[in-house]
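Below are the chains, spelled out letter by letter.
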Amino acid sequence: MVFPSRPVKLLRESLKMPGYKLYYFDVRGRGELCRLILHCAGVPFEDFRDIDYFKDWPTIKTRMPFGQVPVLEVDGVKMLAQSMTIARYLARRHGLAGQNDWEQSQADMYCDCVYDLHNATVDATWEEDPVKQKDLFNKVNQDTIQPHLEKVEQHLVKNGSGHLVGQGLTWADIAYYAYFTTPIMTRLGGEVLTKAPHLKKLIETVGNNPNIQKYVETRPVTSG
Amino acid sequence: MVHYKLIYFNLRGRGELARLVLHHQEVAFEDFRFEREEWPKYKAGTPFGQVPVLEVDGKPLAQSNAIARYLARQHGLAGQNEWEQSQADMYVDCIYDLISGTRPIIYETDKEKQKEILQKFLKETVNPHLEKLEQQLIKNGTGFLVGKSITWADLAYYSFFSPMTERFGDSVIDNSPHLKKLVEHVANIPQIKKYVETRPKTTL
Numbered sequence: 001m002v003f004p005s006r007p008v009k010l011l012r013e014s015l016k017m018p019g020y021k022l023y024y025f026d027v028r029g030r031g032e033l034c035r036l037i038l039h040c041a042g043v044p045f046e047d048f049r050d051i052d053y054f055k056d057w058p059t060i061k062t063r064m065p066f067g068q069v070p071v072l073e074v075d076g077v078k079m080l081a082q083s084m085t086i087a088r089y090l091a092r093r094h095g096l097a098g099q100n101d102w103e104q105s106q107a108d109m110y111c112d113c114v115y116d117l118h119n120a121t122v123d124a125t126w127e128e129d130p131v132k133q134k135d136l137f138n139k140v141n142q143d144t145i146q147p148h149l150e151k152v153e154q155h156l157v158k159n160g161s162g163h164l165v166g167q168g169l170t171w172a173d174i175a176y177y178a179y180f181t182t183p184i185m186t187r188l189g190g191e192v193l194t195k196a197p198h199l200k201k202l203i204e205t206v207g208n209n210p211n212i213q214k215y216v217e218t219r220p221v222t223s224g
Numbered sequence: 001m002v003h004y005k006l007i008y009f010n011l012r013g014r015g016e017l018a019r020l021v022l023h024h025q026e027v028a029f030e031d032f033r034f035e036r037e038e039w040p041k042y043k044a045g046t047p048f049g050q051v052p053v054l055e056v057d058g059k060p061l062a063q064s065n066a067i068a069r070y071l072a073r074q075h076g077l078a079g080q081n082e083w084e085q086s087q088a089d090m091y092v093d094c095i096y097d098l099i100s101g102t103r104p105i106i107y108e109t110d111k112e113k114q115k116e117i118l119q120k121f122l123k124e125t126v127n128p129h130l131e132k133l134e135q136q137l138i139k140n141g142t143g144f145l146v147g148k149s150i151t152w153a154d155l156a157y158y159s160f161f162s163p164m165t166e167r168f169g170d171s172v173i174d175n176s177p178h179l180k181k182l183v184e185h186v187a188n189i190p191q192i193k194k195y196v197e198t199r200p201k202t203t204l
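Chains A and B, in that order, are what the protein sequence lines are.
Note that this note's numbering gives residue 95 to position 95 of the first sequence, counting from 1, and the numbers run on in steps of one.
Note that this note's numbering gives residue 10 to position 10 of the second sequence, counting from 1, and the numbers run on in steps of one.
FYI, nobody ran anything at the bench for these hints, they're computed from the structure.
Keep in mind that the hints are not guaranteed to be accurate.
To be verified - Computed list of lysine-lysine pairs in DSS-like fashion (alpha-carbon distance at most 27 Å, straight line):
1) B/43 <-> A/55
2) A/55 <-> B/123
3) A/78 <-> B/59
4) A/61 <-> B/132
5) B/43 <-> B/5
6) B/59 <-> A/151
As the list claims (entries may be wrong) - Now the stretches of chain A that chain B is said to cover, found in silico as 3 or more residues with beta-carbon under 8 Å:
7) 53 to 67
8) 106 to 120
These numbers come from a predicted model, not from an experiment.
The C-beta atom is built at its ideal place from N, Cα and C for all residues, glycine as well.
Construct all of the structure, not just a fragment, from the sequences and the given hints.
Here you go:
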């Protein structure tokens, strides 16, 4: 758990910043995008991940709006569920969502694509037989990821700024970074981006963001 | 005036929520539908090889929820403030997950197996969700999912559960009286009723 220090608490109070508590398991999974957004924006939060599946989860589950995590608790009173909703809410509040309505929608669109890619890799992720798992990842790569990358490359070239949306970093860039670094490149290797040089460059750019780099170097090492 | 062109199959499916938002707010749009066999003609021209796509004065936006959210926000159906907007997003994301859960059912051709998968889906996914949803509706206390008035979240629940009950029987939401009331309310909204009566009849 990361508890805000006293100076952070005072700063937060003085800026009337909301108190965020992110509930998720001690894995990256569907919670990592939210964590990356908060770290990128330099926003303090309680990263509540010390949830033992057998000991703690049955009780915590009953308090969650839909019995699932991630959940963002705001100021100890309001709860928001659904990973993409939480990520969008945080991105919009902290300047990572795009500069206008249209850019925000474009960012939404890209993040929905990443959500679909996550769903496409669920079966492969949970497969226990390593040979079968490799096959499943290769199939998803061939059938879903590569065709998608072809389109993303065209859009990146057309947008021309190096970013997916507009001229600067948005949560859409972070979403692609999160998905393609882990699980995809860890499972399939860097070759998965051979035909996507612009996305590869974007992912490196996001990875080199000082706040993200610092967080990634120090975050818990987990299997998923 | 902005010109909207919504491009999707001649189905309800993932395109219907955007249509309902536009009809509810009485916003004119081109409802461009095509049959499955024609898909190869249009696929390459879409941002990600998928539909629905919304063209806004010719500029494309893909992904069903991104489209419906954009329209809801542009036309006053997304919630009254930032928090309500996020609550609405949350509910619509829940529906997106439920829609994804119906795919194995819809595409199962063996009737017995289909029944089995449906029962499993209802028991393990839909019913637990509805239990929580009823609590949320009671807590909000207005009859609507978010705030005091209708949002695209209410339309999303109508859009999913109305065909579910049509296809699989009223028992799907029998134990959810508040949701049942909300779905009936939406069905009886004049603009929605008029659109539903006149829209093409499709299996999905």
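Going down the list of hints, with the structure as the test:
1. B/43 <-> A/55: The hint is violated at about 49 Å.
2. A/55 <-> B/123: This hinted pair holds, its Cα atoms lying about 25 Å apart.
3. A/78 <-> B/59: violated (37 Å)
4. A/61 <-> B/132: holds (11 Å)
5. B/43 <-> B/5: Distance ~16 Å between residue 43 of chain B and residue 5 of chain B Cα, so the pair holds.
6. B/59 <-> A/151: holds (16 Å)
7. 53 to 67: As far as the region 53 to 67 of chain A goes, the hint holds, because 3 residues have Cβ atoms under 8 Å from chain B.
8. 106 to 120: It holds, with 6 qualifying residues against the three required.
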